[in-house]
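Participant: Numbering (this note's numbering), first residue to last: 2 to 97.
Heads up, some of the hints might be wrong.
Label-pair distances were calculated between CB atoms; the ranges are [stated by the list, open to error]:
| no. | residue 1 | residue 2 | range |
| --- | --- | --- | --- |
| 1 | H57 | P90 | 42 to 50 Å |
| 2 | H14 | P68 | 44 to 52 Å |
| 3 | N7 | L29 | 28 to 36 Å |
| 4 | L48 | R89 | 44 to 52 Å |
| 5 | A72 | R9 | 17 to 25 Å |
| 6 | L27 | R89 | 13 to 21 Å |
| 7 | T44 | G82 | 34 to 42 Å |
| 8 | P90 | S41 | 47 to 55 Å |
| 9 | M2 | Q45 | 49 to 57 Å |
| 10 | L48 | H14 | 35 to 43 Å |
| 11 | V95 | L61 | 47 to 55 Å |
| 12 | V22 | H57 | 26 to 34 Å |
| 13 | L29 | L6 | 16 to 24 Å |
| 14 | V95 | N43 | 50 to 58 Å |
Since the hints were made in silico from the structure, they are not lab data.
Ideal placement from N, C-alpha and C gives every residue a C-beta, glycine not left out.
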Amino acid sequence: MPPQLNRRLRNIHATLAPVMVLPLLLTLTTGVVFQLAMASGNTQAFLWVLEVHRGHFGPLNLERIYPFLNALGLLTLIVTGTVLWLQRPSRPWVQR
Numbered sequence: 002m003p004p005q006l007n008r009r010l011r012n013i014h015a016t017l018a019p020v021m022v023l024p025l026l027l028t029l030t031t032g033v034v035f036q037l038a039m040a041s042g043n044t045q046a047f048l049w050v051l052e053v054h055r056g057h058f059g060p061l062n063l064e065r066i067y068p069f070l071n072a073l074g075l076l077t078l079i080v081t082g083t084v085l086w087l088q089r090p091s092r093p094w095v096q097r
């Protein structure tokens, strides 16, 4: 792989990773909280969590694009991370 492309992939990955942490943690946390609410039979009190999980943040309603942004960001991180991981220099195995 040309060094310019490798550098570009590293730049994309390093820029996108911190940006994607918050939405992914938010989606993970709200999904788990709502599942626990469903298991306890207390869904009515936690419907607001489902709204946040779907991308409805008060006056800012991203419900139509939030899942796609999450998916696109995560897919980009997976692809760039995998390519960078496969391009890393191999180290010789040391027998002990």
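Participant: Next step is simple, just say for each hint if it's right about the structure.
Facilitator: Here is what the structure says about each hint:
Our hint of 42 to 50 Å for H57 and P90 holds, since their Cβ atoms are close to 46 Å apart. The hint said 44 to 52 Å for the Cβ distance between H14 and P68, and at roughly 22 Å that hint is violated. Checked against the given bound of 28 to 36 Å, the beta carbons of N7 and L29, roughly 30 Å apart, stay inside it. Separated by about 46 Å at the C-beta atoms, L48 and R89 satisfy the suggested range of 44 to 52 Å.
As the Cβ distance of A72 to R9 is approximately 22 Å, the hint placing it in 17 to 25 Å holds. At roughly 31 Å, the beta-carbon separation of L27 and R89 lies outside the given 13 to 21 Å, and the hint is violated. In this structure the hint that T44 and G82 lie 34 to 42 Å apart at CB holds, the actual value being about 36 Å. Taken as a hint, the range 47 to 55 Å holds for the pair P90 and S41, whose Cβ atoms sit roughly 51 Å apart.
Take M2 and Q45: their Cβ atoms lie about 53 Å apart, and the range 49 to 57 Å holds. A beta carbon spacing of about 36 Å between L48 and H14 agrees with the range 35 to 43 Å that was offered as a hint. Taking the beta carbon of each, V95 and L61 are about 53 Å apart, inside 47 to 55 Å as hinted. Between V22 and H57 the CB atoms are about 20 Å apart, so this pair departs from the stated range of 26 to 34 Å.
At about 32 Å, the beta-carbon gap between L29 and L6 misses the expected band of 16 to 24 Å. A hinted range of 50 to 58 Å for the beta carbons of V95 and N43 is consistent with their spacing of about 55 Å.
Checked against the numbered hints given earlier, the structure breaks hints 2, 6, 12, 13 and satisfies all the rest.
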